[in-house]
Amino acid sequence: MAKYLLLEHYRGAPAAVNDVPMDQWEPEEVSAHVRFMQDFAARLESTGEFVDAQALSPEGAFVRYDGEGRPPVTDGPFPETKDLIAGWMVIDVDSYDRALELAGELSAAPGAGGKPIHEWLEVRPFMSEPPTVTE
1 MAKYLLLEHY
11 RGAPAAVNDV
21 PMDQWEPEEV
31 SAHVRFMQDF
41 AARLESTGEF
51 VDAQALSPEG
61 AFVRYDGEGR
71 PPVTDGPFPE
81 TKDLIAGWMV
91 IDVDSYDRAL
101 ELAGELSAAP
111 GAGGKPIHEW
121 LEVRPFMSEP
131 PTVTE
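Position one of the sequence shown corresponds to residue 1 (our numbering), numbered consecutively onward.
Hints are supplied without guarantee of correctness; some may be wrong.
[Unchecked claim] Here are the in silico distance ranges between beta carbons for each label pair:
| id | residue 1 | residue 2 | range |
| --- | --- | --- | --- |
| 1 | Gly-67 | Arg-35 | 43 to 53 Å |
| 2 | Val-123 | Glu-28 | 27 to 37 Å |
| 3 | Pro-58 | Glu-28 | 32 to 42 Å |
| 4 | Val-20 | Arg-70 | 39 to 49 Å |
It is worth saying that the hints were derived from the structure and are not from the lab.
Built from N, CA and C at the ideal position, the CB exists for glycine as well.
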């Protein structure tokens, strides 16, 4: 089994087919989307492939240690994860192909008008640690 991170983006990835921002959806469209995500996670939980999923709030800040005293907080002149990453799902699957298959299914979550979003998801493998050698 290998763990993969499926990242959903607000922007930064190619535009989704149904590219209407969630804040412009009707309440029942948001509910249908959330229900789809919950049902998808429950199905993966039943197969042992689900690890975790979270949606992220758009609020946030970059913080950097700058020596003693308080760390500066900035909204910077650079892209920030609060602007880019909408949420994630961690899966633990048998193969990279299975990770791609699940990402494809997740991409079909309903959006505006109840139509599938067909959003691009980023699939990232977790780094594995080298085996511990004992003598």
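Kindly confirm whether 43 to 53 Å is satisfied by the beta carbon distance between Gly-67 and Arg-35. Roughly 48 Å apart at Cβ, these two residues keep to the hinted range, so it holds.
At the C-beta level, are Val-123 and Glu-28 separated by a distance inside 27 to 37 Å? holds, 30 Å
Go ahead and decide if the range 39 to 49 Å is satisfied by the Cβ distance of Val-20 to Arg-70. holds, 40 Å
Quick check: does the Cβ-Cβ distance between Pro-58 and Glu-28 fall within 32 to 42 Å? The hint (32 to 42 Å, Cβ to Cβ) is violated, given that Pro-58 and Glu-28 are roughly 22 Å apart.
Going through the hint list in order, the structure does not satisfy hint 3, though it satisfies all others.
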